[in-house]
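S.K.: The task is simple: from the sequences and hints, build the whole structure.
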Amino acid sequence: MKAYDIVIVGGGPAGLAAAASAREQGIQSILILERDKELGGILNQCIHNGFGLHTFKEELTGPEYAGRFIDKVKELGIEYKLNTMVMDISHDKVVTAMNREDGMFTIQAKAVILAMGCRERSRGALNIPGYRPAGIFSAGTAQRLVNMEGYMPGKEVVILGSGDIGLIMARRMTLEGAKVKVVAELMPYSGGLKRNIVQCLDDYGIPLKLSHTVVDIDGKERLKGITLAEVGPDGKPIPGTEEYYSCDTLLLSVGLIPENELSRGMGVEIDRVTSGPVVNESLETSIEGVFACGNVLHVHDLVDYVSEEATRAGINAAKYVTAGEKAEGSKVDIIATEGARYTVPRFIRVDQMDDLLTVRFRVGAVFKDSYISVYYNDERVMHRKKPVMAPGEMEEIKLQKEKLQAYPDLKTITVKIEKE
Amino acid sequence: MYDVVIIGAGVAGCAVARELSRYKVNACVIEKCEDVCCGTSKANSAIVHAGFDAAEGSLMAKLNVQGNEMMGELAKDLDIPFKRNGSLVVCMHKEDLPGLKTLYDRGVANGVKELKILSKEEVLAMEPNLSDQVEGALYAPTGGIICPFQLTIALAENANVNGVEFKFDTEVTGIDKKDGSYLIHTGKGDIESRYVVNAAGVYADEIHNMVSGKKIKIVARRGDYCLLDKNVGNYVSKTIFPLPTKLGKGVLVSPTIHGNLIVGPTAVDIENKEGTNTTRAGLDDLISKAGATVKDLPIRQVITSFAGLRAHEAGHEFIIGEVEDAKQFIDVAGIESPGLSSSPAIGVMVADILRDLMGLEKKDDFVSTRKGVLNPETLSIEERNELIKKQPAYGNIICRCEMVTEGEILDAIHRPVGAKSLDGVKRRTRAGMGRCQAGFCSPRTMEILERELGTSMLNITKTGSGSEIVVGRTKEQV
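Going line by line, the protein sequences match chains F and Y.
Note that this note's numbering gives residue 65 to position 65 of the first sequence, counting from 1, and the numbers run on in steps of one.
Note that this note's numbering gives residue 454 to position 454 of the second sequence, counting from 1, and the numbers run on in steps of one.
Treat the hints with care, as some may be off.
[To be verified] Here are the simulated BS3-like cross-link-like pairs (lysine-lysine), alpha carbons at most 30 angstroms apart as the crow flies:
1. Lys209/F / Lys475/Y
2. Lys81/F / Lys390/Y
3. Lys179/F / Lys475/Y
4. Lys389/Y / Lys81/F
5. Lys37/F / Lys390/Y
6. Lys224/F / Lys167/Y
7. Lys230/Y / Lys236/F
8. Lys220/F / Lys273/Y
9. Lys167/Y / Lys220/F
10. Lys230/Y / Lys37/F
11. Lys390/Y / Lys2/F
12. Lys224/F / Lys273/Y
13. Lys475/Y / Lys224/F
14. Lys155/F / Lys273/Y
15. Lys475/Y / Lys220/F
16. Lys224/F / Lys188/Y
17. Lys220/F / Lys230/Y
18. Lys37/F / Lys475/Y
19. Lys389/Y / Lys37/F
20. Lys74/F / Lys389/Y
21. Lys217/Y / Lys220/F
22. Lys188/Y / Lys220/F
23. Lys215/Y / Lys220/F
24. Lys220/F / Lys249/Y
25. Lys475/Y / Lys194/F
26. Lys236/F / Lys295/Y
[Said to hold, decoys possible] Derived coverage of chain Y by chain F (criterion: at least 3 residues anywhere in the stretch with Cβ under 8 angstroms from a Cβ of chain F; other residues may be distant):
27. 278 to 289
28. 293 to 306
29. 373 to 385
30. 466 to 473
Don't read these hints as lab results, they were simulated from the structure.
Idealized CB from N, CA, C, for every residue including glycine.
M.R.: Put into structure tokens, the structure is as follows:
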């Protein structure tokens, strides 16, 4: 069996950044396993711009942003295998993978970095009633068809869900000559970035109907139309508000789900809110030496944060390989409550953390003129006002090692949203 | 001129075709859809019923029990998965307990073996996720689960290998009686045949009424289903039925042969024989009913929902036999549940009828077995690597949810009565049937279909003409 110090599952933005940072820490033996035919992951189909403002201080397209990291990985001489599917990872880090050339093979890893990304929630998972014709696509599938394969999924489009991919595809389909009739969103607020609503819908006169959902799908072979209805505060359709839209295409942008089949298979503990692994300050999962980063850990809004997070995962994996044993330290839980849905990481070991640690989280509703509050045990230590917070955008707090070390008998850190 | 034309490539038509192919006969199956298994056979509970439900002395009871007994060997011959997981009819109210005894007695009279009435304690020990309200159950160890697609496809392939032709996209528009034969008008021209088998599912009445003065009526009885993720596929191990009502066997909860959990069906009689749309009311109804027999049904794990149409005849009985006022025309009508379970016996019964009417002789070279699409997961790593070395496509995963390789998809396309559409590939290999519901694999499967069928992406369909997936190239419309 071949052996590597670090095996990275996934060659998207997370896997690439993790690989580069681990190599820069001096780890020579690194292998990236990528299931697609090229590195770069989902960025390859995101041909719009707006990537990299934080990382590179310039606006890049998805492929350009990925290209920077691909170039770096190649310059650093990091090994990778394309068209290679990881089938299984055992608890003791034996990775089983398969491709056309090598067949099925196993690799013993000292450390594993999980960077498999996420998938889109399907129509089936929403249990939308009606027929099951052709013409219903998840927004990302349509994006691949248009941007990578060069085919149009349809001409008259309704989009359900205002996630970022749906918003981007509203603009994309419009630019390709399709008529996007409406974007419907179940919630009373959008799940996407504000800038995407402005640049992808408002600029093209595409209406966004909040608190609306699809209640019926018409057309046996190919989609003929859908029925929208307004939903009440309970999320249920309000009778009498139904409105029929003829269309040949329904795009779904109704949520992303971290792809943790491999993680579950190896016994990694999964967080019920994020559907990603529970990790500590080092982005290490419940299995020592197994790290996670990017959308497999929690769904991000900006790829810049993915790169930053993955860089930390790479550094920490390198540290683990070099030390050769599990780092110890007493645990402090981070509790997300009252408006904060979760935090990544979910707990920290103060001794192991960097001098400054970014903790990211999302809120569960739209908050205006509210405060992000942080408590050490019962004492409020931070109270930062924000004009708007929305579930579509990630929030962050920074924890200082020095302050945590100085705090007597610290058991929990609580993050919550307060009105005053 | 054919000796026999079978109208309808559902499980009944394909079972008849396969049994008929044992004989020296020139036969053809004609089907209005693009593939086999596109109507009632594709959307049902995927259950092989034990046979205690149908009325004592009915043809339905007889064929169900026979079909159930035949299924084990047939599944082996045709290389398809089948499991006798056993079924439980659960009783939720003390006052209804006599209903279990009635079913038990009927089952015994029908010839169902190994039936047993279980106490509350026994049944809860067997299925801990049943509702605590359960008062007792009828246990039928011979009940089973099967893949209706694979059964129908395997029967069709085997019939085809033994000489039966298949014509798809061929809808019957009328039938004329001639002297000693029938002239069948279809959307693709006329077809003449000495004998006709009417296995047209929900349309069997229309086909029958083209030749007979004694009209029959088939009502489409719609049933909604939910299919749940494999994460919860072992939520119950047996097929759980409530006590039956007038409208049918009620909403069941069952593992599927592929490891998902299925919940359904509802029962609503509808006018539209193409009305395979689920409804909010139907889905809500089945979720609440299934919730009555099992506790905390994990309905959030749903990955898809669908509706099927039962070909319901008012007398709730199979109508199988030569039509009185239309000689040489054999009805196989009213094949609703337990039609799938009965299909092996229906095939034999109809083939026997034709043998006797036509004086058919057996072939010497009938091939009784068929190999299914190879599932590489059944191989050892060494065997698998040997296979990949010879056929690298088996090293290329296309559907990552169900771990389906390109090799399997190629096999599905190129075998007899092969796949021509995304759904055709899906039903033969499970590519696209998993939790992402083809989000990732559909563009890749489309590319394979395009290449292998020598067609354009623009012609690739979900399930036949009219269901094209893409409408043009980009940059064409601006």
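S.K.: Next, verify each hint and record whether it holds.
M.R.: Do the hints match the structure? See the list:
no.	hint	in the structure
1	Lys209/F / Lys475/Y	holds, 29 angstroms
2	Lys81/F / Lys390/Y	holds, 21 angstroms
3	Lys179/F / Lys475/Y	holds, 14 angstroms
4	Lys389/Y / Lys81/F	holds, 18 angstroms
5	Lys37/F / Lys390/Y	holds, 21 angstroms
6	Lys224/F / Lys167/Y	holds, 28 angstroms
7	Lys230/Y / Lys236/F	holds, 28 angstroms
8	Lys220/F / Lys273/Y	holds, 12 angstroms
9	Lys167/Y / Lys220/F	holds, 22 angstroms
10	Lys230/Y / Lys37/F	holds, 28 angstroms
11	Lys390/Y / Lys2/F	holds, 23 angstroms
12	Lys224/F / Lys273/Y	holds, 18 angstroms
13	Lys475/Y / Lys224/F	holds, 23 angstroms
14	Lys155/F / Lys273/Y	holds, 29 angstroms
15	Lys475/Y / Lys220/F	holds, 28 angstroms
16	Lys224/F / Lys188/Y	holds, 26 angstroms
17	Lys220/F / Lys230/Y	holds, 28 angstroms
18	Lys37/F / Lys475/Y	holds, 25 angstroms
19	Lys389/Y / Lys37/F	holds, 20 angstroms
20	Lys74/F / Lys389/Y	holds, 29 angstroms
21	Lys217/Y / Lys220/F	holds, 24 angstroms
22	Lys188/Y / Lys220/F	holds, 22 angstroms
23	Lys215/Y / Lys220/F	holds, 29 angstroms
24	Lys220/F / Lys249/Y	holds, 28 angstroms
25	Lys475/Y / Lys194/F	holds, 28 angstroms
26	Lys236/F / Lys295/Y	holds, 24 angstroms
27	278 to 289	holds (count 5)
28	293 to 306	holds (count 5)
29	373 to 385	holds (count 3)
30	466 to 473	holds (count 8)
Consistency note: the structure conflicts with none of the earlier hints.
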